Amino acid sequence: MSAVPIPIAQLPADDDWPRPDRGTVAMFSLIVAESAIFLIFVIAYVYYIGRSLSGPTPRQVLDVPVFNTVCLLSSSFTIWLAERAIRKRAMGAFTAWWALTVALGAIFLAGTGIEWHKLIYQDGLTISTNLFGTTFYSLVGLHASHVIAGILMLSLVLIFALTGKLKPEHGHRVEVLALYWHFVDAVWVVVFTVVYLIGR
Amino acid sequence: MADSTLPAGGALDLPSAGEAHPEGERSGGWLETLHSWVTTVDHKRLGLMYIGYGVFFLLIGGLEAMIIRIQLLRPQNNFVSPEVFNRMFTMHGTTMVFLVGMTLIIGFANYLVPLMIGARDMAFPRLNAFSFWMTALGGLLLYYSFIGGVGLQGAGSAPDFTWWAYAPLTEKAFSRGHTADYWALALIVSGFGTVGAAINIIATTASMRCKGMTLLRMPLLVWLNLVVAGMILIVITPLTAAQIMLLIDRYLGGHFFDSQAGGAPLLWFHFFWIFGHPEVYVLVLPAFAIANEVIPVFSRKAIFGYPAMVAASVGIGVISLGVWAHHMFTVGMTSAGNAFFVLSTGLVGVPTGIKIFNWLATMWGGKIRFATPMLFCTAFIIQFLFAGLTGIMLSIAPWNWQLHGSYFVVAHFHYVLVGAIVFCIFAGFYYWYPKMTGKMLDEHLGKLHFWLFVIGFHLTFDTMHIPGLLGMPRWIYTYEADRGWNTYNMVVGIGGFIQAIAILIFAYNLVHSYFRGADAGPDPWDAWTLEWATASPPPAYNFAVEPVVASRRPLWDLKHPEDTDSRYE
Chain R
0 MSAVPIPIAQ
10 LPADDDWPRP
20 DRGTVAMFSL
30 IVAESAIFLI
40 FVIAYVYYIG
50 RSLSGPTPRQ
60 VLDVPVFNTV
70 CLLSSSFTIW
80 LAERAIRKRA
90 MGAFTAWWAL
100 TVALGAIFLA
110 GTGIEWHKLI
120 YQDGLTISTN
130 LFGTTFYSLV
140 GLHASHVIAG
150 ILMLSLVLIF
160 ALTGKLKPEH
170 GHRVEVLALY
180 WHFVDAVWVV
190 VFTVVYLIGR
Chain H
0 MADSTLPAGG
10 ALDLPSAGEA
20 HPEGERSGGW
30 LETLHSWVTT
40 VDHKRLGLMY
50 IGYGVFFLLI
60 GGLEAMIIRI
70 QLLRPQNNFV
80 SPEVFNRMFT
90 MHGTTMVFLV
100 GMTLIIGFAN
110 YLVPLMIGAR
120 DMAFPRLNAF
130 SFWMTALGGL
140 LLYYSFIGGV
150 GLQGAGSAPD
160 FTWWAYAPLT
170 EKAFSRGHTA
180 DYWALALIVS
190 GFGTVGAAIN
200 IIATTASMRC
210 KGMTLLRMPL
220 LVWLNLVVAG
230 MILIVITPLT
240 AAQIMLLIDR
250 YLGGHFFDSQ
260 AGGAPLLWFH
270 FFWIFGHPEV
280 YVLVLPAFAI
290 ANEVIPVFSR
300 KAIFGYPAMV
310 AASVGIGVIS
320 LGVWAHHMFT
330 VGMTSAGNAF
340 FVLSTGLVGV
350 PTGIKIFNWL
360 ATMWGGKIRF
370 ATPMLFCTAF
380 IIQFLFAGLT
390 GIMLSIAPWN
400 WQLHGSYFVV
410 AHFHYVLVGA
420 IVFCIFAGFY
430 YWYPKMTGKM
440 LDEHLGKLHF
450 WLFVIGFHLT
460 FDTMHIPGLL
470 GMPRWIYTYE
480 ADRGWNTYNM
490 VVGIGGFIQA
500 IAILIFAYNL
510 VHSYFRGADA
520 GPDPWDAWTL
530 EWATASPPPA
540 YNFAVEPVVA
550 SRRPLWDLKH
560 PEDTDSRYE
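Quick mapping for you: the protein sequence lines, in order, are chains R and H.
Under numbering that gives the first Met the number 0, residues 0 to 199 are what the first sequence spells out, in order.
Under numbering that gives the first Met the number 0, residues 0 to 568 are what the second sequence spells out, in order.
For the record, the hints were derived by calculation from the structure and aren't laboratory data.
Since we're looking at a predicted model, the values are computed, not measured.
One should not assume that every hint holds.
Said to hold, decoys possible - Negatives, chain R to chain H, calculated, CB over 10 Å:
| id | residue |
| --- | --- |
| 1 | Trp16 |
| 2 | Ile36 |
| 3 | Ser51 |
| 4 | Met90 |
| 5 | Ile126 |
| 6 | His169 |
Claimed, not checked - FRET-style restraints, in silico, Cβ to Cβ:
| id | chain 1 | residue 1 | chain 2 | residue 2 | range |
| --- | --- | --- | --- | --- | --- |
| 7 | H | Val313 | R | Ala102 | 38 to 48 Å |
| 8 | R | Ala95 | H | Arg566 | 56 to 66 Å |
| 9 | R | Leu196 | H | Gly404 | 40 to 50 Å |
Here a beta-carbon is modelled for each residue, glycine too, at the ideal position from N, C-alpha and C.
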């Protein structure tokens, strides 16, 4: 039961021991978990299409938010340009593309706000009106809350970039954060399809 | 890859705990000790806090079980009121699954995974601390409902709608007061903690492995916890989503599960069991993981069929995602739906069967040492087999229609949860307590604990099948004397008392051995995985030099340089 004498072997030369990056692994894990949450809300939305006992119905009140969608999806492109810039150590270009990404996200949020304002005050659709209202505000709101979280984190990076605290060495962390933003954009494609194309 | 190397300075007799723990010598008073534990990001301390938290709630949940059993001891008993009875079985279930099972398995994973893969800490130590404190907050919220749950007309002071909380029972109209809110919030919060821990475990296993630790050289405990962490990501989150929907219903007037407005309570059933059934495997795979480490070491043989064990674990994880509706045969699904879930449930029996055969083959011809950890694991194999067989019986839809909601089901899943999971967790305690504290758990008390627990377990849960077959429903507050269930319930209750005594002996042993136990030394069991290569308890940095491994049993290689595993793998 006591200690066993153990010969110590020579430490090998510092070979390559490649392992995946922990930040990327963790972000992909988070994305998988978040996808499951969205999946459940999407299932609920699809299941309740056409089951509301009273109006208004999606066809009566929903307009397809084309401009919003273009803004959000192109923000995925601008953030990719920002990632490319920081890899090339071009901090000026990075800051510009990053700021544009934040702006596009903010436009999307504002568009959602305008849409909800119209739905609530003109069409009288709230979360407690009928099943459509419950599922619509939940699903779109879940996505919007992810956009808000994303914009907060992107803005933090933007502040660091503007104050010169962000260095090209942080490029990798920025890329991990960008993964989250790509995810938020990709989820919108699903939400958009389900709510505005299939559900309407 | 070169030969295995160890941080040890030529021998395994490493610095004693005092030297290895310089912070232990800083005698700054209890306040400083408390501060160091609250602010810690060390995976070992967080693991111990998870485990301590789990043991605490194990005692609470056990107390609730005893209240249930005392009430059912005799027909027409009035030990507690029907309302209290409902709260007791709800809180017992919720506590045991979320506050005991989850915290204990995550605690062991937290403590052992970095040590076993030769890492200094988890990939994200601060996320780790965050996860623990979220889990702790979840438990507090749940139990605060006893105090703060009283709402309108004094209705309800703890959740009383069973642990799966079928809608619309949880809707505002039927659950007044705030008990359902505390229940939902507690599980959302602890769910965040669990998902954070899972992300951490995945990142740690992927990115923190020491040199030479390829995926197929990882100890099986690490493999199984990796599978479990992957499952947690997609299993706990549906519950979180459903709880958010429930809170939207309760607070914002939504209609997700409100049948008055066209909502479908059935949707809650599906969402809950999409979480609820894989959750069983989330709990049982880490129990298997403990058996995978204990059985080879005490049989003095390498695990039989390592690749098959890995494949079977991944297989269980995948199949378990497609079996949830076998909890819902009585809901009234289509024949095709019934057939699908009967067959998919039967399919789980294949990888679990592979595992049982591999454990038996590991023991076969081995030089078995029946120390307490091995006793628990041996009982586990037999009991898990029985539990699996009654599970296959219940997965047959017509049989299920007959027995759904009866005590047969209760007996079946307690056979899994206690007979398999709790037994393996006890084995894990006896096996790793020396590593965690530097002291051996008392072997006499351990054997007494084992035999009392195994006798109490079989008295309770073997017997419980029979009133189930005779038609005794679950959740009933009391029963008439002429139903023929009296003796069985009396025996079940007596078995419960014996188990309670055993658990108290175990709790006493934990405390007693910490102060009076024999010194363990770094490697008391002559084991083969990396955690035994460092001091007991390990220093904050785990390994002075990053280890290098060349096989699945690095310590075997070092102890037997003439016959290393790396030559055969």
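Against the structure, the hints come out as follows:
Listed as a non-interface residue, tryptophan 16/R fails to keep its Cβ farther than 10 Å from every Cβ of chain H; the least gap is roughly 5 Å. Isoleucine 36/R, annotated as away from the interface, has a beta carbon of chain H within 10 Å; the closest lies near 5 Å. In this structure serine 51/R is not separated from chain H by more than 10 Å, as the shortest Cβ-Cβ distance comes to only about 6 Å. Every C-beta of chain H lies more than 10 Å from that of methionine 90/R, the closest at about 27 Å, which supports listing it as non-interface.
Here isoleucine 126/R does not stay apart from chain H, with its beta-carbon only about 5 Å from theirs, under the 10 Å limit. The beta carbon of histidine 169/R sits about 17 Å from the closest Cβ of chain H, which is more than 10 Å, so the claim that it is off the interface holds. Distance hint for valine 313/H and alanine 102/R: a CB-CB separation of about 44 Å, consistent with the stated range 38 to 48 Å. Look at alanine 95/R against arginine 566/H: about 59 Å separates their beta carbons, and that is inside 56 to 66 Å.
Range check, leucine 196/R to glycine 404/H: Cβ separation about 42 Å, and the 40 to 50 Å hint holds.
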